[in-house]
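Below are the chains, spelled out letter by letter.
Number of protein chains: 2
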Amino acid sequence: MALPGEKPIGRIPVIDVQPTLEQGRWPVKAVISEALPLRATVFIEGHDAVAATAVVTHPNGRTTRMPMDEVNHGLAIFEAILLPRTEGRWSFRIEGWADPFGTWMHTASKKIPAGVDVELTLGDGVSLLERALEDKSLSERQRAVLVAARETLRSGELSPVKTLEAALTDDLKDVLRTHPVRDGVTSSPEYPLNVERERALVSSWYEIFPRSEGAKQNTRTGEWKSGTFLTASKRLPAIADMGFDVVYLTPIHPIGTTHRKGRNNSLTAMPGDPGSPYAIGAAEGGHDAVHPELGTMRQFRNFVKKANGLGLEVALDVALQCSPDHPWVKEHPEWFKVRADGTIAYAENPPKKYEDIHPLYFDNDPVGLREAIRDVLDVWVDAGVTLFRIDNPHTKPLEFWEWLMADFAERHPEVVFLSEAFTRPPMMHTLAKVGFHQSYTYFTWRPTAKEMGEYLEEVSGDASYYMRPNFWPTTHDILTPDMQRGGAPLYRARAVLAATASPSYGIYTGYEFVENVPRPGVEEQIDNEKYEYKPRDWSRADEHGIASLLTTLNSARKSHPALRRLRGLTVHKTSNDQILCFSRHLSAEESPTGRADTVIVAVSFDPHHVQDGIVTLDMEAIGQDADARFLVDDVLTGAAFTWGRDFYVRLDPAGTMSHVAAVRR
Amino acid sequence: MALPGEKPIGRIPVIDVQPTLEQGRWPVKAVISEALPLRATVFIEGHDAVAATAVVTHPNGRTTRMPMDEVNHGLAIFEAILLPRTEGRWSFRIEGWADPFGTWMHTASKKIPAGVDVELTLGDGVSLLERALEDKSLSERQRAVLVAARETLRSGELSPVKTLEAALTDDLKDVLRTHPVRDGVTSSPEYPLNVERERALVSSWYEIFPRSEGAKQNTRTGEWKSGTFLTASKRLPAIADMGFDVVYLTPIHPIGTTHRKGRNNSLTAMPGDPGSPYAIGAAEGGHDAVHPELGTMRQFRNFVKKANGLGLEVALDVALQCSPDHPWVKEHPEWFKVRADGTIAYAENPPKKYEDIHPLYFDNDPVGLREAIRDVLDVWVDAGVTLFRIDNPHTKPLEFWEWLMADFAERHPEVVFLSEAFTRPPMMHTLAKVGFHQSYTYFTWRPTAKEMGEYLEEVSGDASYYMRPNFWPTTHDILTPDMQRGGAPLYRARAVLAATASPSYGIYTGYEFVENVPRPGVEEQIDNEKYEYKPRDWSRADEHGIASLLTTLNSARKSHPALRRLRGLTVHKTSNDQILCFSRHLSAEESPTGRADTVIVAVSFDPHHVQDGIVTLDMEAIGQDADARFLVDDVLTGAAFTWGRDFYVRLDPAGTMSHVAAVRR
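Protein chains in written order, with my numbering: chain A, 1 to 665; chain B, 1 to 665.
Honestly, the hints are just simulated from the structure, not real lab data.
There may be inaccurate statements among the hints.
[Said to hold, decoys possible] To spell it out: a stretch of chain B is covered by chain A in this simulated footprint if at least three of its residues, at any positions, have a beta carbon under 8 Å from a beta carbon of chain A; those stretches are:
| no. | segment |
| --- | --- |
| 1 | 398–412 |
| 2 | 619–626 |
[Unchecked claim] Stretches of chain B that chain A covers, calculated by requiring three or more beta carbons in the stretch to come under 8 Å of a beta carbon on chain A:
| no. | segment |
| --- | --- |
| 3 | 18–25 |
| 4 | 41–52 |
| 5 | 270–283 |
[What the hints assert, rightly or not] Here are some of the chain A residues that sit facing chain B, going by a computed Cβ distance under 8 Å:
| no. | residue |
| --- | --- |
| 6 | P8 |
| 7 | R11 |
| 8 | E45 |
| 9 | A49 |
| 10 | V116 |
| 11 | G123 |
| 12 | S127 |
| 13 | R131 |
| 14 | V338 |
| 15 | A340 |
| 16 | K396 |
| 17 | P397 |
Fair warning: this is a prediction, and the values are worked out from it, not measured in the lab.
Just so it is clear, CB atoms sit at the ideal spot from N, CA and C, and this is done for glycine as well.
Input sequences plus hints: build the corresponding full structure.
Written as structure tokens, this is what we have:
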């Protein structure tokens, strides 16, 4: 019977290699200069010394050998920290081996002082150094170090104890660390690792409906004139000035007229209603066209160019569904579900039907459809789009996404895909595993400090090797009950949380105005921008202090590498269950700058009252001695404090209800 | 680059298949009639119905298809419970599939009452039943059920709502459960499962040094006469009467005289000291010989026969090490480590040497040595031994054990190996993974109720699919500080714990006498039986009530299947941290008898004072309603109680400090 993966244990067990996904079924992910701890459990029978080496293969095929340290002796865990410096497909494996010189050092350190087997033991040391000298890759200097040690052991000029001391120099240990004598070398399988550009992990998104920016209503007729790429581009400098690095556009394609939805999702559009940009496709074209009201493809390219010039990348929304007027409905009925009566199926949630939308159906012509979708995305990549926000990926087959992600990883590895996987955990996580670079998460549905703390630990834990969260306090589709009721204080606090707890976060335009009135009975905004033009008066953008808060937060993210990483997050104890405190910490070894970085964030979850309490830090987690006192600078206010293990915080809804405190080095 | 296990996600994701070890690298374990939950996470894009089937392949190659139930919708977990009824190498895989009839039932139940798409919907149902009828494996009766439903949907005699009701009979659902219409069937890999005889999981061991049983000292000369297989066999009826099913003999081979150890591990034996049976090998032979003082091979066979006749199997100790007098030392110096001066290495813990022992060295001639060991074990299997207790397996290479276990699984699948892996967790667990049937554990080193409770949850959790614990309160080598101080009350309580918390447990002879005096500075008994004869006066065996307690416990184990399983253990809350309460529960579906079985155990950890408190049961875990009251019979005392969620216990060191309460059905 053929069974998968049966593989003998080998001379030296090397098990539980991390980080890996299902024994290498999918690659784990990292970005340039992101610290990746490579780990394995390595042990040997009996009491001899054992050691491990991480063998890392770079995208160019070159290999690097990294000595590993035993970081947990009881559990026999070895670790090396990799900071990859090039993009591409890496791989790694772990070699376990018996370390006869390590065993000998231990034995000799016991026997020689005790006067037991002295000659024999020194002779064993000489033999091992002879073996070490067989290594052809030794430099002249290294060889000299080994020869010197061997001669010392041989010479007999000193007492045995002094001989041993004289032979075992730090130089010798250094040479043997990189050029060890190894017995019974046993390798794990090879495991894949994708290294991507930093934007795949680190991004701050600002979402707009381009038609709203510059939209104008004729006060006499009531008629609207749509904003355009040109008018929307006038908003770009302000977005860039706030420090965002991605401007995300909801769909920009022609909008269907058949069964067009009206304001507030009403079934019948009034004359002049612009329709939902998610009802994609009309006579003017489908997913590869621009809505004529927004402008032309050339104007879109100019929009992208202007954004890029301001340091902004452009993300485009990809909603793989069609209005009844989409060209594919006629040209490719095989890409839709055809019912028994020959009609093309609408989207539905029985008994409700959504007659403005036909879902795509992948099972008739999966290859034709996936290639058409790939070609559509290529159009936008060609126009300068470098990120895609994928609408409802969980309603399309996983195997399609797996193919698409592999295709783009090969042809356009720079393109970043954000998965809007608001669904059950297995789907959300598997979308990440098959290649999505980022994912929306349950952040928005964690209204209490306790739930949020647990969630932050979850996303920054084992899941961090494949799923990169993108935290959104609200979206054009989501306005949770707590956000409806918490007012400006909660809007400010959630912005702080989103921007500091995850390397990627996003803000839906209008957040500055605390647009928190829901359509009755629905957890989304009233007068949803999906169904109408929504120009805003940007001269009032900082009335709640949110525009300047976002600017400050984005600036802190740029200056603190700890805020640009997912791992290194620790939740600390507080005496008040309305207060969440967490730290972001990178040791010097893990930091892209080579310098340690620590930021401590405390946030209140009560937008109605002042909350205060004592925070008790896990000092080890932030690289401090248990009794240390240290200076912090609150990047939100500029205030400086001296904190230690326990400190007092008072968080006032009148301000940000938060501290974002950078430890001064 | 060749990377392991890369495998597309497939049309319907089937992930996290359980129970499996490293994606099938090693088989998981079960015994005949042990319930094994087969699980997988199975989901589909969008909102269609999805389902899963476990496809189980029996040792004879036949396959069984088991419909799975979704036991956790949020996490998309499907389960089927397998109770294997034959021994051998099984395997299983999980198929995920879209369930168009399930989708249709959901849709129809919404649309038809709402009057939406009625004709079309009923027609879709007819088409699906046509597809179901294509299944060639349908019986005539099943076919008739499908045809009847199809005709009902077609007839139009009733109102649409009534038509649907009339068509969707329980009979129809039953037929479609076993003969479903399946779309996009996607299979997991095939995973291995070893099914062994019940003794591999369920056993109660009684350990003796056969030379002690019937040993006599000449009162005049002080000289000892060794016990023999013949005299030891006289003890067998008493062991069988207590209800044990395995009698375990420490090594029975010739003992070396060179550097023989004396009493209490002294370096020099006095004349007449019998030596440690773990210093194996003398002129009379090695691991395949019997010590002449014990008798002959024929007498050993008679011992085995007598044991078997009493319902006892015989376990033999296997200590893979040699005295300097072992024949292998001369005949096979390549099976030992030879030092630079040509001498054969002793066992050592530098600077200490153990000159009575040469460890075997596997790296010179691994094939020759492993075959010699296999041949030695075959000698004993041939003599009727059916279990081996492996001394210090963690000082021999894992790859040797993996080979030996595979070899025995093939040639002698009835033979059970118990691993004495008193070492770090990775080694202990990996020995179990590579094929040991049972393992000593850290049970002996969990002196508090809290630590013990956590440990019981650990061994009965995920580890239960590969590691079967064997709980020993003491051994000839181990007498922990708490056992030195707790007197008879603790000896009684630990016997209760060992016998009820694990399907396998063991007692070292003399436990009945509370032999708890340590050799100073060492956690083992003074006058250790390893170094001297130790006959006991069995007429006093029940002075502490322990012999009769063991009899009662073994009897309870025989009548309660819940005590013969590893899973189904739940630790319950108690108001007193000196009291541990846990239950053993099998649902009717999981029970080999087809009837549910529940035993609730409460044990005090304080041998010096009465302890009382309130137990709060997790009622769901024992298959009871939250407010149920039920009768229990304490198998230790015969007393009956009425218990509910909360009940009071008072545990007195004068007795067993325990309840072992069987829920009356």
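Now for the hints, and whether the structure bears them out:
Look at the segment 398–412 of chain B against chain A: 3 of its residues bring a Cβ nearer than 8 Å to a Cβ of that chain, three or more, so the hint holds. Note: the segment 619–626 of chain B has 0 residues with beta-carbon separation from chain A under 8 Å; the three-residue rule is not met and the coverage is violated. Coverage of the segment 18–25 of chain B by chain A holds. Counting CB-CB distances below 8 Å, 4 residues qualify, and the rule asks for three or more. With a cut-off of 8 Å between beta carbons, the segment 41–52 of chain B has 5 residues touching chain A; three or more are needed, and the interface restraint holds.
Beta-carbon proximity to chain A at under 8 Å applies to 0 residues in the segment 270–283 of chain B; the threshold of 3 is not reached and the given coverage is violated. Satisfaction of the interface hint for P8(A) is found here, the shortest Cβ-Cβ separation to chain B being roughly 6 Å, below the 8 Å cut-off. Against a cut-off of 8 Å between C-beta atoms, the interface hint on R11(A) holds, since the closest Cβ of chain B lies about 6 Å away. Interface hint at E45(A): satisfied, since its Cβ lies 5 Å from the closest Cβ of chain B, which is below the 8 Å cut-off.
For A49(A), the interface hint is violated, the least distance from its beta-carbon to any beta-carbon of chain B being 12 Å, above 8 Å. Residue-level restraint check for V116(A) holds (minimum Cβ-Cβ distance to chain B is 5 Å; threshold 8 Å). With 8 Å as the threshold, the beta carbon of G123(A) comes within range of chain B, its nearest partner Cβ sitting at about 5 Å, so the hint holds. Because the closest C-beta pair between S127(A) and chain B is about 7 Å apart, less than 8 Å, the hint holds.
Look at R131(A): its Cβ only gets to about 13 Å from chain B, farther than 8 Å, so that hint breaks. A least Cβ separation of about 12 Å between V338(A) and chain B goes past the 8 Å threshold, and the interface hint is therefore violated. For A340(A), the interface hint holds, the least distance from its beta-carbon to any beta-carbon of chain B being 5 Å, beneath 8 Å. Hint on K396(A) holds. Least Cβ distance to chain B is approximately 5 Å, under the 8 Å limit.
Using the Cβ-Cβ criterion of 8 Å, the hint placing P397(A) at the interface with chain B is satisfied: the shortest such distance is roughly 5 Å.
Going down the numbered hints, you'll see the structure goes against 2, 5, 9, 13, 14, while the others check out.
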